[in-house]
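Colleague: One letter stands for each residue in the lines below.
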Amino acid sequence: MSARGAAVGGGIARGARRARLRRAHRVELALVVLVLGIAALSLSLGAYAIPPADVLRTLLGDGTGREEFVVLELRLPRLTLGVLVGAALGMSGEIFQSVLRNPLASPDIIGVTVGASVAAVLALLVLGLGGVAVSAAAFGGALIVAAAIYLLAWRDGVSGARFVLIGVAVAFMAHAVLGYLLTRADIRDAQTALVWMVGSLSGAGWDEIVVVAVSLAVLVPAALVLCVPLRALELGDDTARGLGVRAQGARLGLIAVAVALAAVGTAAAGPVAFVAFVAGPIARRLVGSGPALVPAALVGMAVVTGADLLALHLLPGGIQVPVGIVTGLIGAPYLLWLLATTGRGEAR
Amino acid sequence: MSAGRPAGRHELAARALRLGFDGVSVVHDLDLVVPGARTTVIVGANACGKSTLLRGLARILRPERGAVTLDGREIRTLPTREVARIVGLLPQQPLAPEDISVADLVGRGRHPHRAWARRWSDEDERVVADALAATGTLELAARRVDTLSGGQRQRAWIAMALAQDPDILLLDEPTSFLDVAHQIDVLDLLCALNRGRGTTVVMVLHDLNLAARYADHLVVMAEGRIVASGPPAEVISVEIVREAYGLECRIIEDPVCGSPMVVPVGRFHTDRPAASSGSGGGGVGGLLLPGPAAREGGEHQ
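First to last, the sequence lines map onto chains A and B. Numbering-wise (my numbering), the first sequence opens with residue 21 and increments by one. Numbering-wise (my numbering), the second sequence opens with residue 133 and increments by one.
Where hints are given, some of them may not hold.
Between beta-carbon pairs, the in silico distance windows are [unchecked claim]:
1) B:Ala324 with A:Thr361: 36 to 42 Å
2) B:Pro396 with A:Thr361: 43 to 49 Å
3) A:Ser179 with B:Leu379: 31 to 37 Å
Footprint (simulated), chain A over chain B, 3 or more residues, beta carbon under 8 Å [claimed, not checked]:
4) 175 to 186
5) 212 to 226
6) 267 to 276
Hints are computed from structural coordinates only; laboratory data are not their basis. For every residue, glycine included, the Cβ atom is placed at its ideal position computed from N, Cα and C.
Extracted from the complex, chain A is given alone in its bound form (with noise of 0.2 Å):
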């Protein structure tokens, strides 16, 4: 028992845990490849087709004029509001998912997006306003719905389930006034506020951008320095104060900052479905085992750029389609597997 008996020879706990850690820098790796693979490929196809090498050569400014419109004006802010779009709701869905021990918790099934897609469409419709306006809307809605769902939900602390249930009833009310709100509109605008029910990467520009990198520049860390408690939280709230863990304001300043990167994520491209939601899992059956919080924000860009890849390229007779549509797409299914094959403890 003394302190300084010898550590242990090899380490059991701490082969296991460098085990775990390869296993995550080896995923993050992959997916760092397959997202700058899809990015390739993103600037490369279109109407215009730039041979790979062309683009890098662009990219690096010598480029000819044409290439570098197309490529630095048209297809890479597109991609990079995927990438930081696909982080932020990847990154958000994982914390939701961990810190209230659900797979069903994230913010695009509670309820916190469609928050957001209510109070652009307001905005859009009803009081007429444009531009970075709108997505100021949209993400104070995101965190006035968030606020209502938490303390709804607050009976002595949080728990998972009334915070989900609580949360799908806020997202049915949301669908309602975003689907009256699109009925009583003139078509045009009706078509513009579209965007706000599907999410798309169209009409990027680099204004919004900056806003959003600036953001999850200050999200990003405070998430993981946040996150360290999870690990404890992560086995009951009882345990976690055993531990040491003041356990309902560790979940509020998490649950902050998940909500705060969905809102910034969906004021910037709109609610695209689903990637909140499989990001997590999906990060968390790579790696073994969560919190997953990097894994899930890369999960996110490929899914996220993957998607639009596919909306704007891959459709049969070459129609093109906002990427929240096969993000949709995608997300339903994989949400029919998860319950077809979740095991006794997952759902709970």
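Once you have looked at the hints, place chain B on chain A.
Modeller: Relative to the frame of chain A, chain B by itself:
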């Protein structure tokens, strides 16, 4: 925290402690001093407040009145991480994420000892390896927690609490949902920790006879109050069992270790007079405590 620490150095106590939910008190103005380096077992009927008391001692419930003290200082005023290095808790039905390994679970017990972003130290490694070895879970370290049997899982959780390197270990019904062999397995493990390391053990148990066997200090609760406490042989009596459980019983000596053993009467099985039970021991006022000779002579001839 652990280096050279005298066993049972820390004292956990409750003073005029009142605990409750939504204004309804469950534990009423209760005083308790947990004896250091001993095993204290809290027993009582369902809803008598024993788990509530344990959760109060673990500072999970906020007292409505009174206080829980650690070394004389009110526990709620102490930094919770500091308390966590002294007092460990194993809740009744802890839940693990289904995908984590035993080594990962046990490693998470180091939380109160680890500063942010600090590397895994030799001390962390030694304590975790100790915890795995002490609980016999070394060979399970790589297994996923959800693939373990009930008994193995409980040992893994105890290892997690030990990785916290606590001087005082609180456990809420650590044997629930285990078959009798695994109950003994877990209780023997806790007994070994108490005797080998001097860890103060405080647990809630349902089984009165196992409680009487494993406790140094038995606390019997009824309706949120302590009705008796002390060494099991002094505490267990027909009257106390009637008061705490509303149960008629006889008390014999545990043939294995001599601790008092409660044999319930019930409605349908005849309460045989002491003389016809074959044991010639003398019952005093319904309290039957046969001597060893009488027991062996009577039962098996």
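Colleague: Tell me if chain A covers the region 175 to 186 of chain B under the three-residue, 8 Å CB rule, please?
Modeller: Our answer is that it is violated, as 0 residues pass the Cβ test (under 8 Å) against chain A, missing three.
Colleague: So does B:Ala324 sit 36 to 42 Å from A:Thr361, Cβ to Cβ?
Modeller: Since the Cβ atoms of B:Ala324 and A:Thr361 sit about 41 Å apart, the hinted range of 36 to 42 Å holds.
Colleague: For the region 267 to 276 of chain B, do at least 3 residues have a Cβ located nearer than 8 Å to some Cβ of chain A?
Modeller: Holds, because 3 residues of the region 267 to 276 of chain B bring their Cβ atoms closer than 8 Å to Cβ atoms of chain A.
Colleague: Three residues or more, CB to CB closer than 8 Å: is that satisfied between the region 212 to 226 of chain B and chain A?
Modeller: Contact hint for the region 212 to 226 of chain B vs chain A: holds, 12 residues under 8 Å.
Colleague: For A:Ser179 and B:Leu379, compare the CB-CB distance with the range 31 to 37 Å and indicate the outcome.
Modeller: 36 Å, holds
Colleague: In this structure, is the beta-carbon distance linking B:Pro396 and A:Thr361 contained in 43 to 49 Å?
Modeller: 46 Å, holds
Hint compliance for this structure: hint 4 is the single one not met.
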